[in-house]
Amino acid sequence: MQAEGEPVRWIRSFFLPGTQQTHCYFEAKALAGVEEANRRARIPLTCISEVMEMTPDGL
Numbered sequence: 194m195q196a197e198g199e200p201v202r203w204i205r206s207f208f209l210p211g212t213q214q215t216h217c218y219f220e221a222k223a224l225a226g227v228e229e230a231n232r233r234a235r236i237p238l239t240c241i242s243e244v245m246e247m248t249p250d251g252l
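Take 194 as the starting number for the sequence shown in the working numbering and just add one per residue.
Hint data in this document are derived by calculation from the structure and do not stem from the laboratory. A portion of the hints provided could be inaccurate.
In silico SDA-like links for lysine to any residue, alpha-carbon gap of 20 Å or less [what the hints assert, rightly or not]:
| # | residue 1 | residue 2 |
| --- | --- | --- |
| 1 | K222 | E197 |
| 2 | K222 | G198 |
| 3 | K222 | A196 |
| 4 | K222 | W203 |
| 5 | K222 | I204 |
| 6 | K222 | V244 |
| 7 | K222 | L238 |
| 8 | K222 | L209 |
| 9 | K222 | R232 |
| 10 | K222 | P210 |
| 11 | K222 | P249 |
| 12 | K222 | M245 |
| 13 | K222 | M194 |
| 14 | K222 | R202 |
| 15 | K222 | E246 |
| 16 | K222 | C240 |
| 17 | K222 | I241 |
| 18 | K222 | P200 |
| 19 | K222 | E243 |
| 20 | K222 | D250 |
| 21 | K222 | F208 |
| 22 | K222 | M247 |
| 23 | K222 | E199 |
| 24 | K222 | S206 |
| 25 | K222 | S242 |
Derived DEER-like restraints, expressed as beta-carbon distance ranges [claimed, not checked]:
| # | residue 1 | residue 2 | range |
| --- | --- | --- | --- |
| 26 | P210 | I236 | 23 to 31 Å |
| 27 | M245 | A225 | 12 to 20 Å |
| 28 | M247 | P200 | 18 to 26 Å |
| 29 | F207 | R232 | 16 to 24 Å |
| 30 | R205 | T239 | 15 to 23 Å |
C-beta: ideal position from N, C-alpha, C; glycine also.
Take these sequences, add in the hints, and give me the full structure.
See the structure below:
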C-alpha cells in the first residue's frame, strides 16, 4: 500500500489468551488505510479505534 501512496505501518500485535483476542497496532494517516490493509491481508477485524501512545518519556 505504501507503493500506492497509502502509508500504513504495522507496529506490533498482542494476543490476550484470556479473551482469545488479538490487538494489532498500526500507524496510518486514516482508519480507512488500516481497514484496507487488514482486508488485503485477509485478517478479520471487529473494530478499529484511534489510539494515542503513552510512554514514560512522553508524560
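20 Å limit on alpha-carbon distance, applied to hinted pair K222 and D250: Violated. K222 to D250 sits at ~24 Å, over the 20 Å cutoff.
Proposed proximity, F208 with K222 (alpha carbon, max 20 Å): 25 Å, violated
Pairwise hint evaluation, W203 against K222, where the allowed Cα distance is 20 Å at most: 13 Å, holds
Assessment of proposed distance window 23 to 31 Å (beta carbons of P210, I236): Once the Cβ atoms are compared, 19 Å apart, the range 23 to 31 Å for I236 and P210 is violated.
Range agreement (Cβ of R232 with Cβ of F207, hint 16 to 24 Å): 21 Å, holds
Agreement of K222 and S242 with the hint, judged by alpha carbon distance not exceeding 20 Å: 13 Å, holds
Agreement of K222 and M194 with the hint, judged by alpha carbon distance not exceeding 20 Å: 12 Å, holds
Hint check for P200 and M247 - Cβ pair distance inside 18 to 26 Å: 23 Å, holds
Pair hint outcome, K222 versus V244 [Cα-Cα no greater than 20 Å]: Given that 20 Å is the threshold and the Cα spacing comes to 12 Å, the pair holds.
Hint consistency between K222 and E199 [alpha-carbon to alpha-carbon, up to 20 Å]: Since the Cα atoms of K222 and E199 sit roughly 8 Å apart, the hinted pair holds (cutoff 20 Å).
Restraint check for K222 with P200, where alpha carbons must lie at most 20 Å apart: OK: K222 and P200 at ~7 Å, within 20 Å.
Satisfaction of hint between E197 and K222, Cα-Cα up to 20 Å: Between K222 and E197 the Cα gap is close to 14 Å, so the pair holds against 20 Å.
Violated hints, in rising order: 8, 10, 11, 20, 21, 26; the structure is consistent with all others.
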